[in-house]
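Student: Given next are the chains, with one letter for each unit.
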Amino acid sequence: MTELFSLPLSVLNVGVRSFAESVAAVGADVTQIEWQPPAGGDVDAGHALARLINEPRVEDANRSALAAFLNAQPVLEDVQPARDLIPALSAGRLLLHAGPPVAWGEMCGPMQGAIIGAILFEAWAKTPEDAAKLAASGQIAFAPCHHHGAVGPMAGIVSPSMPLWSVGNRAGSNRAFSGLNEGLGKVLRFGAYNAEVLERLHWMSAVLAPTLSKAVKATGGIELKPLMAQSLHMGDELHNRNTAASSLLLKTLLPGLLESGAPLDAIAAIARFIAGNDHFFLNVSMAACKAMLDAAHGVRHSSLVTAMARNGVTFGIRVSGTGNAWFTAPAPLVDGLYFPGYGPADAAPDLGDSAITETAGLGGFAMAAAPAIVQFVGGTPADAEANTRRMLRIALGVNPAFTIPALGFAGGPVGIDARKVIDRNISPVINTGIAHRTAGIGQVGAGISHAPVACFVAAIEALAQTISGPATPPTE
Amino acid sequence: MSHAAPPWPDPDVRRTVIRFRHGSTRRAWDTAWSHLASSGQPNGLGALLPNGGTDGRSLQTRLLLPRALIDLPRLVVSTRRLALPEAVSAAVPLIGAGPGLTPSWDDLLIGFMAGLRTATSGKPERPGFLTRLGAAIQAAGNATTDVSRRVIDRTVAGYGPPWIDDVLAAIAAGNVTRTRRATREALHIGHTSGTDTMLGALLGCAVWQAGPQLDATLAALSCRDPNMASDASGGRHGTH
Amino acid sequence: MARTDKSLARAEKTLPNFYRDSVALMQLSSRIEGFPGITRATAVMATQANIDLLKEAGFTASDLSPRPNDLLIVIEGHDDAAVADALSQTEAALQAAAAPAAGTAAGPAAIPAASLAMALEDKPAANFALISTPGEYAAAEAEKALRLGLNVMVFSANVAPGDEIALKRMARERQLLMMGPDCGTAIVNGVPLGFANALQRGPVGLVGSAGTGLQEVTSLLDRAGIGVSQVLGCGARDLSDDVQGLSMRQGLAALAGDDPTRVIVLVAKHPSIAVARRIGREAAQLGKPVVLAFLGLDLAGIAGGNIFVAGTLDDAARTAAALALGKTPPTPAGRDPALAALARENAGRLSERQAYIRALYSGGTFCYEAQTLLAQEVAPIWSNTPIAAASTLPDVWTSREHTLIDLGDEFFTRGRPHPMIDLRLRLERLRQEFADPQTAVILLDVVLGYGAHADPATEIASTIADARAARQPTDHDVIVVASVCGTQADPQGLSRQEEALRQAGVLLAPSNAAAARLAARIIHAHSNRAGHT
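So the protein lines, in turn, are chains A, B and C. Read in order, the letters of the first sequence correspond to residues 1 to 476 in the numbering used here. Read in order, the letters of the second sequence correspond to residues 1 to 240 in the numbering used here. Read in order, the letters of the third sequence correspond to residues 1 to 533 in the numbering used here.
Read the hints as simulated data drawn from the structure, not as lab findings. Where hints are given, some of them may not hold.
With a straight-line cut-off of 25 Å between C-alpha atoms, the simulated SDA-like cross-links for lysine to any residue are [stated by the list, open to error]: (1) K225(A) / P56(A); (2) K123(C) / K126(A); (3) K225(A) / A275(A); (4) K123(C) / A275(A); (5) K123(C) / D278(A); (6) K123(B) / L65(B); (7) K288(C) / L7(A); (8) K123(C) / P161(C); (9) K123(C) / P56(A); (10) K123(C) / L407(A); (11) K288(C) / R335(C); (12) K217(A) / D278(A); (13) K55(C) / R81(B); (14) K217(A) / A275(A); (15) K225(A) / L198(A); (16) K288(C) / S10(A); (17) K123(C) / S18(A); (18) K123(C) / L248(A); (19) K123(C) / P42(B); (20) K126(A) / V207(A); (21) K327(C) / A341(C); (22) K123(C) / G298(A).
All values derive from a computational prediction rather than experimental measurement.
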């Protein structure tokens with residue numbers, strides 16, 4: 001400790017500003033910390049956080065988890081009906097939904113509408129009224145997509161007959177699934193269930209999916225990281241901007257589609273369908289992100305966030321070192337611009353598993369790659385960059401695979417560290433669409449939301465409990 | 001059997017149509033203009049506004065203003081006459097000029113194009129004019145900063161800055177309260193960007209309309225084109 | 001740089017891939033124009049259009065190739081030196097992290113550090129955390145700091161004893177300094193931390209759990225021309241039975257191993273006797289002289305060998321000064337004839353009714369020391385922080401008989417700034433005591449140094465003048481006695497402060513102990529004259 005006496009003092013001042021001024025007055029180095037009570041002033045949470053700061057077990061675990069994430073190689077390998085990919089869907093009547101667990105009676109409008117649509121699609125009921133009764137009866141089980149290796153945007157409903165993308169992690173053994181994107185407007189994921197929606201779902205299942213399956217298999221598997229990296233250089237952020245990636249995907253699948261043996265008019269309809277939907281790649285992006293994050297999940301003591309998801313009622317996160325626990329808080333409202341004729345009173349709370357993209361360092365975290373997004377909250381391209389730079393301060397590292405031109409091709413932030421969210425009072429930013437609170441109307445706006453701090457508070461408290469015993473000295 | 005989802009209005013492209021023949025629209029435009037006119041700044045093209053003031057005027061603004069006083073009315077008048085070559089020669093050379101990360105003149109052009117888009121439906125020559133003017137401006141994108149070029153690209157594609165689209169939508173709806181609020185928000189953007197873009201937008205949506213708005217605006221901007229008087233009074237070109 | 005035909009100097013600089021928002025650019029431009037000797041300046045993006053405008057205006061002569069994403073700075077001034085200076089200042093300002101302008105977000109500007117860990121990412125060489133958050137958060141912040149390998153001072157009070165002990169043990173394991181909680185004063189490597197005076201560097205090292213006690217001893221040493229090596233705080237509760245002097249013992253060991261330190265002084269008020277003895281034993285093992293200034297303890301029997309015992313702070317300073325000069329320490333100050341004479345002179349100003357001392361302290365240690373001295377001289381004594389020989393003042397807002405108030409006590413400082421910074425409460429009380437016909441002597445401490453009020457003497461002097469004027473002319477006077485704790489190099493300036501007080505008729509004593517003794521002398525002299533014994 002007397003070593004301190006022979007070094008120049010470099011002070012970090014937490015609190016009263018005049019103390020920093022005195023230090024500066026004698027010419028010594030001092031930084032004023034812009035401090036706020038962490039965790040919104042929760043003293044116990046503050047202690048839990050302190051236990052985890054620079055804790056060797058957490059630091060080692062994070063290194064492993066981040067390495068597993070960065071080494072993951074998500075490859076798009078097939079398209080198959082959900083029941084063939086997720087065995088639990090054959091075992092009894094089960095429907096998967098976005099976000100953490102939620103009961104039928106609590107679900108938001110769009111999610112209930114989507115479930116009615118799924119029940120009709122599966123022909124478990126003949127009318128919407130009967131479908132609603134069936135849903136409320138307890139004869140159908142509901143579970144988060146996340147619990148079965150899947151992710152779904154907006155309502156995110158998965159039923160046994162729905163086709164899913166199958167993405168395998170070739171650097172590991174885990175796999176992730178997501179449905180095919182129906183397009184914009186009145187679609188199932190916004191809670192619509194009219195004849196047109198169901199007709200489309202049937203076409204997707206009968207014509208689109210099998211043909212895509214052949215086309216995907218013909219490629220031998222599409223490596224998704226290079227494709228996503230390229231689209232980041234083309235103005236996508238892979239949550240709310242997927243135009244370039246959707247185009248790249250279609251380009252990659254085109255030969256396989258043409259050689260699939262399907263009738264030409266079917267192929268033409270498929271091409272029109274995919275080409276007309278700038279968000280077609282979203283679901284693939286989500287599955288790729290889940291495949292990468294699942295590879296990093298389950299590392300004991302790690303504070304890496306492996307999922308962020310919303311069900312329209314609650315916002316939940318999962319952390320690598322705390323197993324399958326969900327840490328939830330009420331879903332926030334989105335700050336954004338509404339389309340003409342709509343306003344905040346019409347909005348559903350934040351909904352969907354698509355925040356998995358932010359969890360993987362894309363979407364809002366890569367906003368600097370797609371500055372147009374921030375105009376939805378009246379910002380400038382400089383704001384987009386600032387957002388990405390802020391996220392770097394809660395990330396475990398940068399991703400050499402996903403570089404961002406506006407940052408001089410530096411890697412984007414990757415690996416949300418739950419400790420840093422609380423320690424620095426910086427909450428993960430999410431680019432998101434806003435759904436109408438009434439089932440079936442569709443998107444009414446777009447903007448930015450922030451993950452609720454309370455989720456991270458609960459997570460670090462749980463993580464601190466896994467660190468038992470006295471604090472160990474540093475391993476230098 | 002259509003398999004694509006029914007067309008949902010693309011959220012980014014707003015079909016806003018402004019016609020001064022509606023009294024409420026004129027009143028909304030007047031509201032936006034009087035708000036803008038009282039928000040003069042010493043810097044950027046806001047310095048041309050009535051209470052722009054000279055205190056704190058930066059050198060880069062002082063250098064831009066004399067050129068702008070010539071080229072801005074040239075741009076407006078040639079657009080009114082649908083004289084494309086002259087409009088291009090007024091607009092393009094100053095791309096990249098002025099203070100700011102998105103240079104002032106660029107902001108003006110961006111607002112101008114957004115405004116023009118709301119008034120193309122009256123005459124068949126207008127959409128073509130706007131397309132070709134936009135293409136010429138976009139082609140000169142390398143002469144300005146990347147940030148500005150990106151905004152120009154989006155505007156030419158029909159996706160103007162949302163805060164400007166909000167003002168124009170409010171004017172189109174003839175809603176004075178909404179217009180006032182949207183104008184206030186827009187003027188807060190950046191340091192001079194909001195003012196410069198708003199100026200362009202209000203000029204753009206008025207340039208092809210009948211009525212005294214355009215002349216009064218140009219007069220207030222310390223611009224006087226000797227040809228304006230005869231043009232406005234007798235004008236058969238491009239009025240609703 | 002190019003000279004134009006106007007004989008003005010000019011410089012140009014292009015900053016590549018520059019990315020600041022418009023407000024920052026505008027501020028930059030006007031800032032450059034404000035530098036001395038600068039006639040015109042501009043900061044614009046280096047587009048062809050802007051370059052052309054500059055050339056047309058004759059503002060740039062050189063043929064710059066356009067680089068639209070680069071920032072172009074052109075500065076014109078009266079001579080090369082002014083221009084070069086403005087340019088380098090501008091570049092320096094741009095290197096520093098730009099703060100985001102209000103209402104807009106800046107580009108790649110640095111985000112201000114919101115936590116210790118975040119600050120360390122930007123500044124890995126940081127080695128010290130000074131924590132003054134509200135007490136309930138201070139322990140967690142201190143733990144973070146220790147885990148991050150930082151030495152720590154915690155100014156905050158109201159930290160749970162269990163937390164204090166855990167932190168001090170953690171610090172010991174990691175061989176880091178842990179000063180506090182409730183540590184108001186320290187000076188490490190000559191850098192003032194918290195409330196501290198501007199001192200010369202020298203051979204005396206101090207460790208103390210009494211902040212103003214450290215300030216008094218170090219200021220007196222400074223006046224004697226003796227400097228300090230390190231001044232380490234322990235926190236007010238360090239020498240309790242619970243905490244067992246963990247910090248003081250760690251500080252003692254650190255100073256023992258510090259070559260520049262040749263004399264050690266330990267300062268505490270009313271420590272646990274068991275802990276004091278323990279520390280005394282550890283100090284006796286060292287090869288350096290150690291002065292124990294443990295106020296309120298009778299440590300007869302500990303002195304001897306390298307251990308010296310001082311009963312007051314000024315004795316401790318005198319002893320340490322002598323030891324630092326290699327001389328024999330003097331015996332403690334006895335009755336000072338000069339003080340006695342001063343007392344007799346001034347006692348004549350008092351009326352019969354005036355009988356009592358009213359002491360208003362900003363430093364808790366001063367209040368404590370004064371009580372220990374006065375308890376031997378006058379009675380009864382009341383205080384809001386009484387020693388054993390004094391009684392608890394029933395109503396802290398109303399004095400009775402001899403009253404000594406510690407205005408720095410938590411009762412007064414909760415929700416208010418400390419009296420060393422904000423004088424209002426003390427000045428009100430001063431007026432109140434002046435108006436009380438029974439007040440004979442008002443006793444004050446005036447503490448200077450970093451962190452303290454910018455000019456306490458002027459405010460005190462002015463209040464005394466007003467209060468005097470408010471008394472009826474036929475009344476006799478109230479005598480004000482004060483000691484100023486400070487040095488010439490302090491921001492307030494010792495001489496200036498003393499002079500202002502003298503002008504207001506204040507009797508100045510060279511130390512807090514001397515001031516208390518003088519007050520007692522005056523009371524004795526007065527009661528002798530009046531026949532009260």
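Student: Now tell me, hint by hint, if it's right for this structure.
Tutor: Hints, verified against the model:
{"no.": "1", "hint": "K225(A) / P56(A)", "in the structure": "violated (31 Å)"}
{"no.": "2", "hint": "K123(C) / K126(A)", "in the structure": "violated (66 Å)"}
{"no.": "3", "hint": "K225(A) / A275(A)", "in the structure": "holds (21 Å)"}
{"no.": "4", "hint": "K123(C) / A275(A)", "in the structure": "violated (50 Å)"}
{"no.": "5", "hint": "K123(C) / D278(A)", "in the structure": "violated (44 Å)"}
{"no.": "6", "hint": "K123(B) / L65(B)", "in the structure": "violated (33 Å)"}
{"no.": "7", "hint": "K288(C) / L7(A)", "in the structure": "holds (24 Å)"}
{"no.": "8", "hint": "K123(C) / P161(C)", "in the structure": "violated (32 Å)"}
{"no.": "9", "hint": "K123(C) / P56(A)", "in the structure": "holds (21 Å)"}
{"no.": "10", "hint": "K123(C) / L407(A)", "in the structure": "holds (21 Å)"}
{"no.": "11", "hint": "K288(C) / R335(C)", "in the structure": "violated (31 Å)"}
{"no.": "12", "hint": "K217(A) / D278(A)", "in the structure": "holds (23 Å)"}
{"no.": "13", "hint": "K55(C) / R81(B)", "in the structure": "violated (33 Å)"}
{"no.": "14", "hint": "K217(A) / A275(A)", "in the structure": "holds (20 Å)"}
{"no.": "15", "hint": "K225(A) / L198(A)", "in the structure": "violated (33 Å)"}
{"no.": "16", "hint": "K288(C) / S10(A)", "in the structure": "violated (29 Å)"}
{"no.": "17", "hint": "K123(C) / S18(A)", "in the structure": "holds (21 Å)"}
{"no.": "18", "hint": "K123(C) / L248(A)", "in the structure": "violated (42 Å)"}
{"no.": "19", "hint": "K123(C) / P42(B)", "in the structure": "violated (40 Å)"}
{"no.": "20", "hint": "K126(A) / V207(A)", "in the structure": "holds (23 Å)"}
{"no.": "21", "hint": "K327(C) / A341(C)", "in the structure": "violated (30 Å)"}
{"no.": "22", "hint": "K123(C) / G298(A)", "in the structure": "violated (33 Å)"}
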